[in-house]
Structure formats: C-alpha cells, structure tokens
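Enquirer: What follows is each chain in one-letter form.
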Amino acid sequence: MTVETPARFSPLSGWQDRFAQLPTGLRVRELPFLTQLTLRVEPGSAAAKAVEDCLGIILPGPLRAGSPGDVEVLWTGPDEWLLVAPDGRQDDLLARLRSAIGDDFATVTDVSAQRTTLALSGPLVRTVLAQGCALDLDPRVTPAGSCLTTLLAQAPVTLVVREEEPSGVRLLVRSSFASYLATWLLDACTEYRSDTGGRGWDGR
Amino acid sequence: MQLIACPWCGEREEIEFHYGGQAHIAYPDDPYALDDEQWAQYVFFRDNPKGPFAERWVHSAGCRRWFNALRDTVTHEFLSVHDNRAERPSRTGTAPAAQHAEGQEAGR
Amino acid sequence: MTAHVPDPHPGDVLPDHPDFLWRNPDPKPSYDVVIVGGGGHGLATAYYLAKNHGITNVAVLEKGWLAGGNMARNTTIIRSNYLWDESSGIYEHSLKLWETLEEDLEYPILFSQRGVLNLAHSLQDIRDSKRRVHANQLNGIDAEWLEPDEVAKVCPIVNISPDVRYPVLGATYQPRAGIAKHDYVAWGFARKADAYGIDLIQDCEVTGLDIVDGRVRGVRTTRGPIAAGKVALAAAGHSSVLAALAGLRLPLQSHPLQALVSELLEPVHPTVVMSNAVHVYVSQAHKGELVMGAGIDSYNGYGQRGAFHILERQMAAALELFPVFARAHMLRTWAGIVDVTPDASPIVGLTPVEDLYLNCGWGTGGFKATPGVGWCFAHTVATGGPHPYNAPFTLARFTTGALVDEHGAAAVAH
Amino acid sequence: MNTPFRAPGHGRVDRDTTLSFTFDGTAYTGHPGDTLASALLANGVHHVADSIRYGRPRGVLAAGAEEPNALVQIEAPFPEPMLTATTVELYDGLVARGLSGRGRLSGEPDTARYDTMHAHCDLLVVGAGPAGLATTLAAARAGVRVILVDELPQPGGSLLGSQERIDGAPATRWVGTVLAELDDCADVRVLQRTTAFGHYDDGLVLALEKRTDHLGAAAPAHVSRQRIWRIRAQQVVYATGAHERPVAFDNNDRPGIMLAGSARTYLNRFGVLPGRQAVVFTTNDSAYPAALELAGAGTRIAAVIDAREEVPEHWRTACAERGIGIRAGHVVTGTSGIERVTRAHVAPFRQGRLGGRQGIGCDLLLVSGGWNPAVALFSQARGTLRYDGGIGAFVPAHAPDGVRTAGSAGGAFTLSGALADGVDAARQALSALGRTGGTIAVPTTAPLPDGAPTRVLWRVPSPQDGHDGQDGSKQFVDLQRDATVSDVLRATGAGLRSVEHVKRYTTIGTAHDQGRTSGVMASGIVAESLGVDVADLGPTRFRPPAVPVAFAALAGRNRGELFDPVRVTALHPWHVEHGALFEDVGQWKRPWYYPRAGETTDEAVLRECRAARTGVAMMDGSTLGKINVRGPDAGILLDRLYTNLMSTLKVGRIRYGVMCGVDGMVIDDGTVIRVAEEEFLLTTTTGNAAGILEWMEEWLQTEWPGLRVHLTSVTEHWVTIPLVGPRSRDVLALAAPGLDVGNDAFPFMSWQDTTVAGVPARVCRISFSGELAYEINVPAWYGITVWKALHTAGSAFGITPYGTETMHVLRAEKAYPIVGQDTDGTVTPQDLGMSWAVSKKKPDFVGKRSFTRAENRREDRKQLVALLPADEQVLLPEGAQIIATSSIPEPPVPMLGHVTSSYRSDALRRTFALALVRSGTRRIGETLYVPLDGRTVPVTVTDPVLFDKEGTRRDG
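Chains F, P, L and Y, in that order, are what the protein sequence lines are.
Residue 80 in full-length UniProt numbering sits at position 80 of the first sequence, and the numbers go up by one each step.
Residue 103 in full-length UniProt numbering sits at position 103 of the second sequence, and the numbers go up by one each step.
Residue 413 in full-length UniProt numbering sits at position 413 of the third sequence, and the numbers go up by one each step.
Residue 826 in full-length UniProt numbering sits at position 826 of the fourth sequence, and the numbers go up by one each step.
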C-alpha cells in the first residue's frame with residue numbers, strides 16, 4: 001500500500017465559508033494544528049526553573065498568558081500551563097523539555113489535537129462574546145495578556161486576550177465542542193449581519 | 001447565580017464549579033479497624049448544619065482545582081475560601097467537626 | 001393504553017375553603033404526643049393518630065405558619081410508580097389513600113387523576129423506564145410504556161419530533177397518578193385534626209429536646225417547655241437541625257429545590273409530564289397556571305432560594321418539550337428545602353432515643369407520600385414499632401448496606 | 001384622525017402619525033407613544049374585560065405595570081397571553097382582546113429570536129425617573145461605569161406624567177439635558193424598555209429588554225425580540241418609584257374608576273382625558289394636582305372627596321380657583337353604573353361612622369389611598385422593610401451592602417426630595433466604590449406647599465353592613481383574582497392569623513400584578529379584623545420575577561440545536577455521509593448502526609455483528625474517556641482507585657480495570673495501558689469521562705496530595721478505531737506494513753507504537769467482542785484519513801462499519817458488562833462475576849471495605865447471568881422482570897431480578913439476555929419466567945458467557 005503524506009483535518013476545517021459570512025465587525029478563523037502541550041510543574045521548583053530556562057521564558061502567573069517567542073504559555077491552573085507553538089513542534093519541544101526536567105517531578109503531555117483554536121478580531125468581539133461569557137471583558141478589567149479558562153455559552157473554553165491585536169481574542173475549545181461553539185458564534189452574530197454597519201440593532 | 005471566589009481564578013459564576021460536600025472528611029487510616037457502623041458514618045453521614053459549613057468545591061470549568069470554603073447555608077454567602085493545598089490531611093479518623101474558621105488547621 | 005379524561009379540567013374556579021379551619025390554642029403543659037413540624041406530614045400524622053389510634057392529646061408544633069414549608073412550595077405531583085418494592089409499597093398505599101381522601105377529609109382537595117408521563121430520551125432511559133413499568137405492573141401498580149405517538153395522544157402538546165436535540169423516545173404512563181391542590185390538602189388534614197381536639201400551635205419553634213436516661217420527655221420551644229410522652233419529628237429540610245438537638249446525626253443533606261408558575265392560561269396541558277433527562281416537570285393546575293419544577297440545586301442550602309441558572313435551564317428544557325409555551329410567562333418562583341438521603345429514599349421509624357420517632361429524607365417525594373406516611377408514621381408512633389410499609393426505611397440500612405436506591409428511577413423526579 | 005378623548009395641547013404622543021389597531025373586533029386608531037390602554041381610553045373605551053370569577057365589567061385602573069385589571073390577549077401579529085393594556089406599546093396592526101383572567105397560548109411555533117447579554121458595571125440604576133436620573137448623572141460625572149435601565153420607552157419616569165418643572169423649565173427639558181450628557185459618556189449605558197425583574201446574589205440583576213415588540217409585524221426577524229440582560233453590578237440603586245393604592249369601597253371595581261396619579265399620567269404623557277366629569281376620592285395630597293391638571297384640560301371635577309378632616313390651605317385655594325368643591329371628612333361609599341361608573345356615593349365618615357349618603361354623577365372616579373414604595377427588587381436583594389404607619393406602607397429599613405433606594409422607592413415622594421435623594425444615593429454608592437467626585441447640585445424645583453399627612457384608610461365601611469360591619473362582598477381587594485373584603489374577613493374568621501394563609505385562602509396577591517395594588521391593603525384589612533398592627537403581620541415575601549417574563553426570553557438562544565452542546569468526534573462527518581443513525585450518549589452523538597437501504601434495525605445489526613464475527617468490522621470508539629496518568633506515583637494512585645492491581649502492569653501491556661465508589665458499587669470500567677514506567681493511559685466509559693477525571697482529581701488533590709502524579713484528559717486528542725474480526729489482522733497488516741501483527745510479536749493485551757496509513761499510531765490488542773481485534777489510536781486530526789485507509793484496506797474483506805448497538809450485542813455474547821446498563825449503582829464487581837478483577841493482594845482500595853458489610857455478604861445478592869428464552873425467537877424486553885413461577889400470582893409478585901440487556905444474536909442463532917438475578921449464580925440451569933403481555937416466557941438461567949467460552953477467537 002502506497003502511503004502519501006497523510007491528510008489532516010481540523011475540527012472546523014469545513015467552516016471557512018460560514019465564517020466568511022460573518023458581519024464585518026467580527027473576523028473568525030480557525031488556527032488549526034497548533035502544537036499544544038500540557039505542562040504540570042510546581043511553580044518555583046527546580047523543574048519549573050529548568051523549564052523556564054529551556055524555553056527562555058518565565059511561566060506566567062494566574063490568569064495570564066506569556067508569549068516570549070514562538071511558544072506561548074497559557075496559565076491554566078496553579079501548577080499547570082498550556083504551551084502553544086506552531087504546527088509540528090511537539091516532538092522537538094517534548095524532547096527538549098523532558099531532557100531539561102530530567103529526574104525532577106514535572107510532566108509534559110502532548111494534547112495538540114485535544115483542542116482547536118479560534119482567532120477572533122474586530123470591534124464586535126466583546127459584544128458577541130458578552131452574549132455567552134459571564135466574565136467582564138472590558139479591557140480595564142481583562143487586559144491584553146489575560147488568559148481565562150471559563151465557559152462560553154455551554155462550551156468550556158480558554159480565552160486569551162492577545163497583546164498584539166487590541167481587539168483580538170483567541171478561544172481554545174475542545175475539539176468535540178468546536179462545532180457547537182461555532183454554531184453558537186454564528187447565531188450570536190445574527191443581528192449584526194445585515195445592513196447595520198456592524199453596530200447591531202439600536203432598537204429605534 | 002452566585003459568584004464563588006476560586007482561590008486561583010478569582011470570582012466566577014457558580015456554574016463553573018461542582019460541589020463536593022462536607023470538607024475535612026479524611027479517609028480512615030485503617031478502614032478495617034472500623035466496625036460497619038463506623039464505616040457507614042464515613043461513607044454516608046455528613047453534617048448538615050444551618051449556618052456556616054466547611055465544604056469542598058472544585059473549579060471544574062476553570063483550573064480544575066479542589067478547594068475548601070466556609071459557606072453559610074442560610075444566606076449562601078461564602079465566608080471564606082482557601083486553597084486546600086495549604087491544609088494537608090491529618091489522619092484523624094472519621095469526620096471531625098465541620099465548622100472551622102479560615103486558616104485554622106483542621107482535621108481534613 | 002387506557003383512554004383518560006382529566007377531571008377537573010384546568011381553568012375551573014377553585015372551590016371555597018370552609019368557614020372554619022382551626023383554633024389557635026396556646027400550648028398546654030403536656031401532651032401524649034408532640035409532633036414537631038406542621039407541614040403536610042405532621043398534620044397527616046396527627047390526623048391518623050386520632051382517627052386510626054384514638055390518640056388525640058396531641059400537639060403539632062410549627063415554627064412558622066401551618067404548611068408553610070415544602071407543602072406550600074411543591075409541584076403537587078402524586079404518583080406511585082417507583083422502582084423498588086419497598087418504595088412502590090408505601091407510595092401505592094399513599095395513592096390509594098389519595099383516592100378517597102376528599103371524602104375522608106370532607107375537603108375539596110382537587111385530587112385530579114390526570115396521569116403522569118415520565119419521558120425517555122435515550123436508549124438507557126427506555127431500559128430504565130421499562131424496568132420500572134414491568135416492576136410496577138407486578139406490584140399491582142397501573143403502569144404502561146407508551147411509544148412516542150401514544151405519548152402525543154395523551155399529551156398532544158409534547159413535541160415528539162425526532163429532530164429535536166433529545167427526542168422523546170417514549171414514556172412511562174401511570175393513569176391513576178395526578179395532582180392535588182396542596183393548601184387544600186394540608187388544611188383538610190389540619191381542620192380534621194383540630195376537630196379531633198388536637199392542638200395546632202403555630203409560631204412555636206422547638207429549641208431543645210428534653211432527654212433523660214435515653215428517653216425523650218418533652219420539648220423546649222419559643223413558647224415554653226412542653227412535656228410529651230412521645231415526640232415525632234416531621235420537619236423535612238430542617239430534620240438534621242432538630243435531630244442534632246437529640247444528639248443524632250442523620251445521613252441527610254438539605255438542598256434548595258426550585259419551582260415556578262405561569263399566569264393563568266386556558267387549558268392546554270391535560271396531564272403531568274416529567275423528564276429527568278432534560279430536567280423539567282410540568283402540569284397545568286386547576287386554575288390554569290403551568291406549574292413547573294426543575295433539578296435540585298447541587299449544594300446544601302436552607303435559604304428557600306435557589307440559583308437563577310437552574311430556572312433558566314428549566315425554561316429551555318420546557319420549550320424543547322413544549323414549544324407552545326414560548327410566550328407563557330413566568331409569574332412567580334420559589335424554592336423549598338428538600339432533605340435528601342444517600343439512596344434517595346426516606347427514613348421513617350424509631351431512633352436510638354426512646355419514644356423519639358423520625359420521619360425525614362423524603363427528598364422530592366414528600367407531597368405525594370403525605371397520606372401514606374401520615375398513616376404509617378402514626379402507626380409507628382402509636383404502637384412503638386414500624387408499619388410494614390415503612391419497616392424497610394430504617395436508619396440502620398446505611399450500616400448494613402440494605403439501601404433502597406431510587407436514584408436510577410427517581411433522580412430529579414417528583 | 002381624531003379620537004374623542006384626546007386632550008388638545010397635552011401629551012407626548014406623536015399625533016402626526018396614526019396607528020390602526022383592533023380591540024375586541026373593533027377597529028380604532030392611536031399614535032406612536034400610546035399604550036394600548038391609553039389608545040383605548042382616547043377612544044372612550046373603558047370596559048376592557050370581564051372579571052374572572054364574577055364576570056363583572058372591568059376597566060383600566062392604572063397606567064403602568066401595577067395594573068390589576070386591564071388584561072389583554074395579543075392575537076396579532078403573534079398571540080401572547082396575559083399582558084396588561086397599560087404596558088403594551090401601541091403599534092400598527094395590533095390585534096388584541098380583553099381577557100377574563102386567563103390567556104391563550106398560540107398553537108403555532110414562535111419564530112421570534114431571544115437572547116441574553118452579560119454586562120458589568122460599577123453602578124446599576126433601576127428607573128429613569130427624577131431620582132434615577134440624578135443618581136446616574138452624578139455617578140457618570142465621577143467616571144464610573146453606569147448602567148441605567150428603565151421600563152418605559154423614554155426616560156423621565158413620573159416626570160412624563162406630570163407638569164412639574166425643574167430648574168425653572170418643564171421637567172422633561174431637564175430630562176433631555178441629562179440624557180444628552182449621559183449619551184456622551186462612554187461608560188454609561190442607558191437601556192430603555194428594559195425592566196429589572198430579579199435581584200440575585202452578588203449584585204446580579206436580571207432585566208428584560210423588549211427590543212422589537214413595539215414594532216409589531218415590522219419587527220426585523222434577525223433581531224432578538226426580547227433580551228435578558230444579566231447585569232453584574234458592584235452597587236445598585238433602586239429608583240423604582242412608588243405605586244398608588246386604591247381604597248376598598250362598595251363596587252370599587254367598575255370601569256371608569258382609576259387611580260388619581262394614573263389619570264394624571266394619561267393626561268400628561270398620552271394626552272388622554274379619561275373622563276368628562278370626575279369625582280376625586282383621596283386620603284392624601286397627591287390627588288390634588290391630578291384634579292387640577294385634569295380640570296385644566298377640560299374634565300369637570302364634580303367634587304374632591306377627602307377622607308381627612310383637614311385639607312391644606314394651598315389645595316383648598318387652588319381648588320376654589322377652579323371652582324372645585326372639596327368635601328373634607330367624607331368618603332366614597334360605593335358607586336353605580338354597569339359598563340361604566342355613572343355615580344359615586346358619598347358620605348361623611350367620622351369616628352368610624354358613615355353619615356347620610358349622596359350620589360354625585362360622574363363618568364370617572366379617581367381614587368388615591370396613598371402610595372406604596374416599589375420595594376419588590378429591594379426586598380429580593382434582602383433589603384428589610386418596615387411598616388410606616390404614617391403613610392400606611394412598607395418602606396426600606398435596612399439595606400444590604402451595595403444596595404440602596406432613591407426617590408419615592410425609599411419614601412421620598414416629593415420631586416425635590418426625590419432629586420436630592422438621587423444625588424445622595426450616588427454619593428453613597430461612589431463612596432462605597434471608593435470613588436470621589438460625582439457631586440452635582442440638586443436641581444431646583446418649585447417650593448413645596450405645606451401638606452397634610454395621609455389618612456391611612458384601607459376600606460370604607462359598606463352601607464350594606466349590618467351592625468358588625470362585616471359585609472364586604474362587593475368591596476374588591478384583588479381585582480384580578482376577584483377577591484373581596486368579605487373573603488379576607490372569612491379567612492380571619494376561619495382561624496387564619498398569618499397573611500400568608502389569608503393570601504392562600506383568598507388568592508389575593510397571587511395574580512399577574514403580584515398584588516401591587518392589593519397586598520398592603522389586604523394586610524391592613526387583616527390587621528383591622530384581628531385588632532393588631534400591620535407591622536406585626538409583616539409584608540409577604542417578594543420573590544422574583546418582579547414582572548412576568550416570557551419562557552422563551554428566559555430560554556434565550558438555548559433552543560433547538562443550541563439547547564445542549566452536541567459533541568462529535570473527528571469521524572462524525574464520515575458517519576453522517578454513510579447514513580449512520582445516531583444514539584445520544586450524554587452530549588455525544590454516537591453512530592448507533594448504519595442501515596442499508598431497505599434494512600430494518602434488526603437486519604442491520606445482525607449484518608454488522610456477522611461481519612465482526614466472520615470477517616472484519618470497524619467502529620468509532622473515540623468518545624471513550626481517556627486520561628493520561630503520569631508521574632512516579634502513578635501506579636500507587638491507580639492501585640488505590642481500581643479494584644485491580646495496576647502497579648505491576650508491565651510497560652507495553654494492558655489490563656482491564658474496574659472502579660468502585662466507597663460504597664463498593666461499580667462506578668466505571670475500562671482499560672489501563674502502561675505507556676512507560678511512570679505513565680499510564682486509561683479509558684473510561686463515554687458518559688463518565690468528565691466525572692471520573694474529577695473523581696480521581698478529588699482523591700489525588702484532597703486525600704493524597706503527596707502523590708507525585710498528574711492527570712490529563714486526552715479524550716479528544718485521540719481518535720480511537722476498534723478494528724474487529726478474524727480478518728482484522730489482515731487489514732491492519734495492509735494498513736501498517738511496518739508492524740508485525742503476529743500473535744507472538746503482538747500478543748493480546750499489549751500495545752505498540754507504529755505507523756498506520758502513514759500516521760503515527762498507537763495500536764492496542766484489546767477486544768470488547770472476544771474476536772481478534774485491534775484498537776488503533778491516532779491524533780484526531782488524522783482520524784478520517786486513517787479511518788478511510790482502514791476502510792479501503794478492508795474492502796477486500798468486506799469491512800463493515802458498526803455502531804453502538806452491534807458493539808453491545810458482541811460484548812453481551814461475551815458477558816462484558818456495560819456500566820450503567822448492566823449495573824445501576826447497586827452492583828458490586830462480585831455481582832458481575834468479576835471477582836477476578838478484584839485484587840486479593842492489595843490491603844485496601846476504594847470500595848474494598850464496603851464489600852464486607854452485611855448486605856454484601858448475603859449469598860442471595862443479585863448476580864449477572866444470561867437468560868436463554870425457551871423460544872429462541874422471543875426477544876425479552878430490556879427491563880423485563882423475572883419471576884419464579886410460570887403463572888403470575890396476585891400482586892405484589894415476588895421479583896427475582898430484571899433483564900439488563902437483550903439481543904438477537906447472529907452468532908448464537910437465537911435471542912439471549914443478560915440479567916441480574918437474585919442468587920443468579922446458584923440458579924444456573926434453572927428455569928425462570930419473564931412476564932410478558934399477560935403471559936410468561938420460560939427462560940433458562942445460564943452462565944453469562946455464551947459465545948466462545950474458551951476464548952479461542954481472540955487470537956484469530
């Protein structure tokens with residue numbers, strides 16, 4: 001049997017057309033196939049230091065994301081981070097990290113396909129998210145660099161407010177919930193879709 | 001929809017949490033040293049006070065961490081929450097007194 | 001499937017209450033029996049103590065107003081189609097009493113045997129439902145399994161479309177089940193108990209139990225001490241607190257349980273529909289309001305208030321099953337406090353304290369059990385030993401492991 | 001177009017635009033800005049509906065949400081029951097009819113959209129009347145985040161219905177100025193047509209915004225009709241105003257009887273004269289401006305009947321100037337009229353005695369019995385109330401943290417008082433927020449005339465009364481429930497002492513209006529009848545919602561496919577494409593079976609089973625929960641949580657495991673593979689994945705935090721494909737040419753990392769069917785590619801995709817239990833015949849101690865066995881009960897157990913079942929009976945393993 005480069009499909013690979021029809025105030029695209037590793041290590045431990053040295057980063061504290069280079073580090077719990085890197089980096093990173101950790105107690109687990117990532121941008125981002133997210137997304141309360149694991153509508157998500165895009169938000173959602181979340185997002189955008197210049201309907 | 005202050009994530013709506021019942025119920029040191037009635041106390045019997053109650057909660061939709069809280073069961077108000085990693089269990093057998101104040105080292 | 005005509009129809013004007021209900025006596029220094037808790041169970045127990053056992057030197061102590069607890073806060077569903085023999089025994093005993101209760105109490109309690117549907121939404125629901133139907137039939141309880149089209153015949157407004165998120169795959173049906181008017185039931189028992197000379201004492205909170213040599217001798221109350229030959233606790237969600245006064249620890253947790261009503265509507269819903277899977281149960285009461293309940297709040301609470309997300313979920317679930325409810329309005333919400341045991345079955349019987357009797361742990365099943373448990377608890381108090389119907393519901397079962405686990409069949413159910 | 005009762009020069013409706021509507025079958029017109037009630041009154045229509053119990057004609061009592069009477073059914077554009085005409089904004093094409101207390105639901109599906117919006121603020125102000133606007137403006141100037149919600153279409157509240165002046169100009173000009181400034185504040189959000197209805201914990205206030213209702217058929221379909229705002233506020237100010245209350249007298253329910261303040265609103269806000277000739281009956285000063293303003297607009301005020309002996313000089317003079325006579329110390333004792341009031345009966349009332357009566361002709365009787373602060377939301381927020389005997393109302397006493405009232409909601413009934421109170425509320429809220437600034441000057445208003453206190457009067461004795469004064473059968477307390485003073489007196493006479501009991505006896509306060517006009521009056525009458533103080537009775541509890549809210553609004557967008565998340569695997573599109581029918585398992589959609597054209601369920605499942613037993617078949621097992629367990633103490637943790645010994649498992653090997661609760665009952669099962677010395681991967685059942693992870697974390701974090709183990713869910717990282725059947729080895733060999741698939745190289749219960757279809761894969765030799773089988777795990781992105789490759793590779797062998805039903809049949813033939821189907825929370829591993837999976841070596845594990853309880857030691861426990869119906873074609877229903885006798889005795893029939901699983905087996909060429917049977921193991925070989933449709937089916941009890949008992953097939 002001849003083996004060609006095997007094709008990959010991300011959870012929302014069929015959704016581009018629907019995302020393209022969103023109102024101008026909201027751009028949504030899936031960032032497929034990102035490398036994602038769960039790192040569990042006691043903060044302040046030798047192993048944590050080894051990880052930081054290995055990646056050239058400081059592990060961010062609660063509710064924060066750090067993005068020193070091509071590895072973005074998302075805080076997801078008091079001894080837990082999600083390392084996010086470009087496609088195809090898992091083997092390299094796993095090897096480097098495990099080597100750095102050595103005999104200390106810390107674990108790294110490849111969870112790249114466990115979640116997919118949605119990149120949201122545009123002036124409507126916060127308005128649309130406010131329809132399903134109970135957290136206060138005002139930039140004064142949730143500034144860039146925030147990383148919140150919470151619920152959006154009925155889907156568990158990790159919501160990251162990006163540094164480089166003032167209105168940019170990334171949503172990491174478990175793969176099995178991705179189509180639910182996408183369906184919800186489209187529905188939440190319904191009223192902004194027509195003729196109103198993306199401001200939504202003002203009721204008058 | 002109450003807010004519960006996760007020790008790690010701060011205030012979140014209660015739907016992000018799951019309830020774990022009474023806190024500080026240690027697994028018995030030696031279950032086989034207990035008679036059936038004592039064992040039943042561990043398995044089935046929990047305090048049910050009207051007023052402050054030390055409970056376990058887990059931030060299921062957030063950081064997945066279990067923590068302890070002191071909550072008033074009449075007003076539903078959380079009087080305190082604390083990271084249970086600061087409170088190692090002391091193996092004192094079956095359920096000790098339920099009510100204790102924040103920071104007090106109790107027989108979890 | 002039996003044809004069924006609901007009676008009376010929703011939309012009827014309620015019958016008047018009698019011109020006289022009860023005296024408001026001051027407590028006497030001493031009674032043969034003191035019942036703590038003036039809810040449905042306490043009042044029914046008082047009534048049957050007098051009627052079945054001739055014991056009338058009895059006081060019912062209520063810390064607030066009679067039947068102002070869960071009796072005033074439940075969704076009035078009456079059924080007996082429980083899974084296990086022990087449960088179906090006492091609930092069917094109760095249902096039989098319901099069937100003659102109006103004549104017995106000489107009070108228009110509006111018992112309407114309009115049937116109860118328990119919907120199944122998954123293949124496992126179907127298995128569990130059929131298991132219960134088969135068991136019910138062998139226990140002499142009217143129970144049927146209905147396919148979706150038969151469900152629609154019993155209740156035409158249920159959405160049986162296969163296209164919904166959790167389609168209705170069928171239902172169990174108990175035609176003799178139904179609803180009654182809760183205040184009327186409680187007041188019916190109270191009026192009769194009062195007429196037997198039993199003292200119904202309100203605004204009287206029990207603050208202590210006098211126990212001497214392992215035997216209860218009386219109660220201390222906000223209206224003074226009262227001596228008692230026997231003390232019977234029937235305080236639902238407050239049972240743990242009362243039992244603690246006697247040094248007893250119970251396997252109970254008290255949780256808020258929410259319910260709501262709509263405004264009055266023309267008859268639209270001829271039966272009672274319950275769905276554990278989508279967490280809603282609904283009937284249309286006699287005046288025409290939709291009465292609904294949902295799941296129990298997960299945490300312990302005594303506040304008679306619940307969380308909004310439960311109601312919100314309940315509304316979504318109701319509209320899944322009943323799209324025609326879209327523009328009905330939620331008029332009023334409330335919460336009761338239900339006391340739940342580890343096996344979702346009650347505790348009714350003796351305690352380690354002599355002459356102290358306990359009735360609690362009914363969870364969401366208390367209303368439907370009212371006459372049945374009143375009958376059996378009165379027997380237990382009068383004779384000092386359990387009636388066969390409540391004999392399985394001991395405190396000791398948690399030690400032996402002989403539980404009556406109704407989670408599978410009862411779950412959130414009522 | 002003109003309508004007979006429009007008052008020229010009054011009102012804020014848009015008279016340049018005419019709207020057509022139909023009420024009770026008659027066509028009328030009105031204007032934008034009207035409510036249905038104001039439009040009806042403008043057309044001279046007072047009789048809106050008949051009452052629910054006595055069928056008495058009823059009209060419009062009030063002008064807002066407190067209306068008890070004017071219930072209407074909207075019929076077009078879409079039916080909606082039980083709205084009050086006073087809160088329905090008029091739109092073109094509205095079709096409505098009056099209701100006798102009961103509405104009608106539409107049988108048609110409601111296609112309108114509903115949604116929810118979360119919002120956060122430092123300060124929420126409820127009510128855009130003078131107090132609320134003053135609060136909002138002051139807070140806005142301090143730069144805090146403010147949300148102002150108001151139920152009316154435009155801000156102003158009571159100012160819209162008055163002729164008051166602020167800062168020397170009409171008050172509405174001040175409103176406009178304030179709004180303009182608020183509009184410029186980025187951190188201020190003003191929501192009109194938005195009614196706060198619930199105050200929940202931690203400053204969560206729910207509000208209903210009616211977004212498109214006022215547009216009728218022109219409402220845009222893509223915009224939500226109604227929206228629930230979930231506002232999380234640090235501070236809340238309730239500037240919710242006050243509701244006027246009536247007084248009970250004989251026949252106080254006729255159309256044309258209206259609250260005085262409401263009449264004022266109809267004149268000033270809507271430009272409607274509610275009558276030509278009015279009698280005004282009051283117990284306080286507030287009815288005088290109503291009388292004077294109506295007189296100024298053309299209504300003849302026949303008399304002001306003031307229950308008080310002393311009327312303030314200011315009002316005496318003003319009335320005299322208008323030629324209005326005042327009868328102090330008088331009351332209205334009753335009315336005449338049928339469809340409309342035609343006469344008010346007036347008598348002196350001194351020392352509790354009525355004097356001689358006199359009739360005064362009128363088509364409008366205005367009543368004011370005083371004002372009740374609107375404290376429902378404040379009370380919901382756990383603010384306490386006290387009874388103020390001076391005004392006969394419950395007023396705020398103690399406010400909880402972060403909550404306060406402003407204006408008349410707190411008893412500041414004058415305009416100047418309300419404005420000052422509003423400013424003060426802002427100051428306090430800002431102080432609580434730790435903010436400074438935000439002081440604004442209190443706007444100036446005309447100096448107040450000297451007033452006189454309210455006379456608290458609940459009811460006027462009926463002239464019909466006998467000496468006991470007890471006849472109140474025509475004195476209505478709750479108009480919507482048709483409950484009277486007589487009903488209240490009957491209740492107290494019956495022995496009832498609690499207001500809650502009286503409420504239930506009479507049904508007062510339980511209707512749509514939540515007793516806004518009747519509640520305090522009922523308490524007052526009860527107190528009088530019992531000879532106690534109203535304060536001793538206390539108010540009844542206020543519960544959410546403060547106003548009725550449509551079910552659909554509360555459901556929001558959680559409808560249809562969004563009701564509950566649909567979870568799907570990476571292979572889902574393939575299943576859909578290939579005609580799978582799906583089974584809901586928790587939130588997952590799992591392929592149930594894949595029927596071919598013309599096949600019945602049975603035929604499809606038999607075909608799928610046959611393929612698995614004779615050829616090769618494949619399924620999507622990706623929904624199984626997968627938990628990575630990693631760390632030096634991983635084996636210790638698993639030893640404590642599984643009944644089996646896991647720490648001895650060798651790397652590269654797999655073990656089946658069972659978990660019990662502390663009560664010793666089976667809660668889950670699955671496989672455990674040892675990935676590395678310090679790493680395991682375990683599977684859970686589909687439905688329990690989240691629960692088991694949480695359960696494991698609970699033990700780990702709370703009981704054994706010293707264990708060095710980390711748990712990570714990897715459920716969705718992997719696509720899992722069981723490849724099952726005698727030819728599975730051939731298929732795998734084709735798809736994974738680098739893998740030695742032989743038994744020796746790749747034995748049962750082992751795993752290998754390899755490449756399948758060019759994709760890195762972990763292949764496990766496990767079998768849930770007894771057949772030779774492999775489980776292929778690949779990162780989910782590659783799932784479809786690998787699935788298709790296997791399907792292609794297997795095509796020569798007739799590879800058949802199968803669903804959960806076939807999986808169930810195959811495993812049942814081997815007696816592998818399904819947790820949740822063959823167990824129900826009362827079943828131990830021993831009951832399942834799985835003592836082999838319970839370690840004898842481990843000193844303890846979760847559940848072990850419970851195994852020795854009395855009930856667990858019984859020999860007659862229910863045990864899992866198989867049942868073979870004597871008739872091989874009879875399929876026992878799952879759930880069927882089992883009895884000992886061939887005839888069914890009288891109930892209660894002793895039951896021995898029940899059928900947990902039942903199937904037609906292709907391999908066995910017959911039907912069979914699994915069952916939990918009392919003393920089942922001991923009964924093997926016995927004949928038992930299953931009652932079915934009134935007869936019994938004989939069944940033979942057998943060992944549960946029915947197929948390939950020797951296990952010869954698993955190695956191919």
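These are calculated hints, taken from the structure and not from any lab test.
This one's a predicted model, so the numbers in the text were calculated from it and none came from an experiment.
Take the hints with a grain of salt, since some may be wrong.
To be verified - The calculated label-pair distances, taken between Cβ atoms and stated as ranges, are: (1) Y:Ala796 - F:Asp92: 38 to 46 Å; (2) Y:Asp753 - F:Thr190: 41 to 49 Å; (3) Y:Pro463 - L:Asp19: 20 to 28 Å; (4) Y:Asp602 - L:Glu99: 56 to 64 Å; (5) L:Ala244 - Y:Glu698: 26 to 34 Å; (6) Y:Pro891 - L:Glu150: 21 to 29 Å; (7) Y:Arg541 - L:Glu99: 53 to 61 Å; (8) Y:Arg596 - F:Thr24: 45 to 53 Å; (9) Y:Glu890 - L:Glu99: 41 to 49 Å; (10) L:Glu150 - Y:Arg909: 50 to 58 Å.
Beta carbons are placed, not taken as given, at the ideal position from N, Cα and C, and that holds for glycine.
Enquirer: Could you tell me which of the hints above the structure violates, numbers in ascending order?
Expert: Structure breaks hints 4, 7, 9 and 10.
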